[in-house]
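Go ahead and model the full structure; you've got the sequences and the hints to work with.
Next come the chains, spelled out residue by residue.
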Amino acid sequence: MTWQSALEFARGPLFYGALLFFIAGMLYRLVTVVALGWSKDRVPDKGSKAGGVVRSFLKGILIWPFIPWVKNTFSRNPLIYIGGGLFHLGLFVTILLGTPHMLVWKSLLGFGWPTLPLPVVDWLAVGGIIGMLILLVHRRINPVLRLISGPAEYLAWLVVFVPMVTGYMMTHHLFFRYEVLYTFHMFSVDFLLIWIPLSRISHFMFYFFSRAIHGQQFGKRGVRV
Amino acid sequence: MSKETIEEHLKKQGLTRRDFLKLSGMLAVAAGFKFDVPEATAGGAVARRARGYSADRRVLKAMETRPRVPVIWLEFSDCAGCTEAISRSNSPTLGNLVLNTLTIEYHETLSAAAGFQAEQAKQDAMAKYAGQYILVVEGAIPVAEGGIHCTIGGRTALDILKEAAAGAAAIIATGNCAAYGGLPRAKPNPTDAKGVWELVTDKPVVNIPGCPAIPEATTGTIAHFVLFGALPELDALGRPKPFYGVTVHDRCLRRPFYEAGKFAGSYDDEGARKGWCLYKLGCKGPTTYNACASIKWDSGLSFPIQSGHPCLGCSEPNFWDGGGFYQGQSAPLERPEVTAVAAAAAVGAAAGVGTALINRSNKKAHGGEK
Numbered sequence: 001m002t003w004q005s006a007l008e009f010a011r012g013p014l015f016y017g018a019l020l021f022f023i024a025g026m027l028y029r030l031v032t033v034v035a036l037g038w039s040k041d042r043v044p045d046k047g048s049k050a051g052g053v054v055r056s057f058l059k060g061i062l063i064w065p066f067i068p069w070v071k072n073t074f075s076r077n078p079l080i081y082i083g084g085g086l087f088h089l090g091l092f093v094t095i096l097l098g099t100p101h102m103l104v105w106k107s108l109l110g111f112g113w114p115t116l117p118l119p120v121v122d123w124l125a126v127g128g129i130i131g132m133l134i135l136l137v138h139r140r141i142n143p144v145l146r147l148i149s150g151p152a153e154y155l156a157w158l159v160v161f162v163p164m165v166t167g168y169m170m171t172h173h174l175f176f177r178y179e180v181l182y183t184f185h186m187f188s189v190d191f192l193l194i195w196i197p198l199s200r201i202s203h204f205m206f207y208f209f210s211r212a213i214h215g216q217q218f219g220k221r222g223v224r225v
Numbered sequence: 226m227s228k229e230t231i232e233e234h235l236k237k238q239g240l241t242r243r244d245f246l247k248l249s250g251m252l253a254v255a256a257g258f259k260f261d262v263p264e265a266t267a268g269g270a271v272a273r274r275a276r277g278y279s280a281d282r283r284v285l286k287a288m289e290t291r292p293r294v295p296v297i298w299l300e301f302s303d304c305a306g307c308t309e310a311i312s313r314s315n316s317p318t319l320g321n322l323v324l325n326t327l328t329i330e331y332h333e334t335l336s337a338a339a340g341f342q343a344e345q346a347k348q349d350a351m352a353k354y355a356g357q358y359i360l361v362v363e364g365a366i367p368v369a370e371g372g373i374h375c376t377i378g379g380r381t382a383l384d385i386l387k388e389a390a391a392g393a394a395a396i397i398a399t400g401n402c403a404a405y406g407g408l409p410r411a412k413p414n415p416t417d418a419k420g421v422w423e424l425v426t427d428k429p430v431v432n433i434p435g436c437p438a439i440p441e442a443t444t445g446t447i448a449h450f451v452l453f454g455a456l457p458e459l460d461a462l463g464r465p466k467p468f469y470g471v472t473v474h475d476r477c478l479r480r481p482f483y484e485a486g487k488f489a490g491s492y493d494d495e496g497a498r499k500g501w502c503l504y505k506l507g508c509k510g511p512t513t514y515n516a517c518a519s520i521k522w523d524s525g526l527s528f529p530i531q532s533g534h535p536c537l538g539c540s541e542p543n544f545w546d547g548g549g550f551y552q553g554q555s556a557p558l559e560r561p562e563v564t565a566v567a568a569a570a571a572v573g574a575a576a577g578v579g580t581a582l583i584n585r586s587n588k589k590a591h592g593g594e595k
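Read top to bottom, the protein sequences are chains A and B.
The first sequence lines up with residues 1 to 225 when you count with our numbering.
The second sequence lines up with residues 226 to 595 when you count with our numbering.
There are no misleading hints in this set.
Straight-line C-alpha distance at most 25 angstroms; calculated DMTMM-like pairs for lysine to aspartate or glutamate:
#  : chain 1 : residue 1 : chain 2 : residue 2
1  : B       : 387       : B       : 330
2  : B       : 412       : A       : 179
3  : A       : 106       : B       : 559
4  : A       : 106       : B       : 493
5  : A       : 106       : B       : 484
6  : B       : 588       : A       : 41
7  : A       : 106       : A       : 122
8  : B       : 353       : B       : 388
9  : B       : 521       : B       : 475
10 : B       : 466       : A       : 179
11 : B       : 286       : B       : 232
12 : B       : 521       : A       : 179
13 : B       : 466       : B       : 523
14 : B       : 521       : B       : 309
15 : B       : 499       : B       : 484
16 : B       : 353       : B       : 384
17 : B       : 487       : A       : 122
18 : A       : 106       : B       : 494
19 : A       : 106       : B       : 562
20 : A       : 106       : B       : 546
21 : B       : 499       : A       : 122
22 : B       : 487       : A       : 179
23 : A       : 106       : B       : 495
24 : B       : 589       : A       : 41
Under 8 angstroms between C-beta atoms, here's a sample of chain A residues computed to sit facing chain B:
#  : residue
25 : 11
26 : 24
27 : 36
28 : 117
Hints listed in this document are in silico derivations from the structure and should not be mistaken for laboratory results.
We treat Cβ as the ideally placed atom computed from N, Cα and C, and that holds for glycine.
Okay, here's the thing in structure tokens:
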């Protein structure tokens, strides 16, 4: 067993299987949640539900998160806001606008898109990694968070952190040979794909549903968001 | 083994002492010799090394004292491309010096003799130099159905290899086919082609993979054995470290563009014309260990990446099946078919519906809201 063959396994059959498990698992989660049932709506609407959903998405995702002082999260706990913000921004920019990741999408979807220059992605990735470290330290220091954190929370942190760190290291050829880091990167990504449907990292999908439902409720009740 | 030393042999060919010294230096560099001698210090200053420790002096001494070593070169499931490459190697043709002038006893493509005469010459050489010759193998060995997919003179490649390997002092597998199976081994591998080191396990086998192998790497390794009677240090895949110690990416002339994130997006865009990094076009340089970027080809003229083509990773095992040649290296090796994705989605959704139904019946059983 050489690093090359381990890498081939991680990029080939394991990734293939993990991806299919991910798709099956996320659909399972989605169907079970959607089928939980809706309570009957007996109250007349005060405003537009659809408008509420649109506002919730546009303002709630694209505007408010970038203006710290309107967020209660920030005024109550700036560390969570900054660490979480850096992490999510770095992660999504790297996954969607980093050249190597775009090539993954291209190979799966059949089309690609322009990417950001490496130095830009790089700094955001560093921000993401620092954000994750801030979140971990905070989780250990904050007494409430510490009490409600079990192995599942730390594992979720780890399975996201390892791909990020190995990805950064391989981009810059740090400490280990490229194919060694690439192998670790791929194994951790494969594990992540399997772990997402089984854990709360699945919030990446449910987040949009809860946003839609909250927006709908806001719109219905005429609440301005 | 012939008693004549290499120097005596070359003298007879008309080589002057001056040319001989130049050749020694060239061989030392070509074979990638590195001699680590601890530094001696005197009064805080680094003492000058004795002349005998320099690499070219060591080669010189070896050439003056070592006998010629015969080479037998076998070709199996191959395209003779590695031989082609060697016959065009660095002028004044290191390949010629090492293979023709110095040592070669049998080479299918290069021999003047053919048929039974050539086979007889090989048998004679193997008997005469038993236990002393270097066996160079080019091409994969098909083993399916008793190895009938590659036969020479009515004998299978497997049979010929085993016979020749038995009397060899060392075996050098040149080219990806001989080393790891190469093209003949590509999926679906109908002939069950294998590399030499999978079939010969009781002899040292040096792999010089590449498609073709860099001629200087093959001749340099032969030279190393001829001069020192020992093989160079090998990596985990059996490749000599002097030539396969660093990746193509590490020595690539386009590396600064990689670092700056400047990539050619096609073979004809602005980036390609400006000589930017070929990563997006499928370059396998980052995981490919070979000396292309430093030794280059045709007397140091160029190498694929320099001429605008991404590295195919031809010095690594399974490079034919290691992802699309023109697909970025980060891409997964297999793209799930739409049917596979649909099947996975259907399984997930069906399981979800099943669970939902169970949930609902549980809810009813416990008198939940209607």
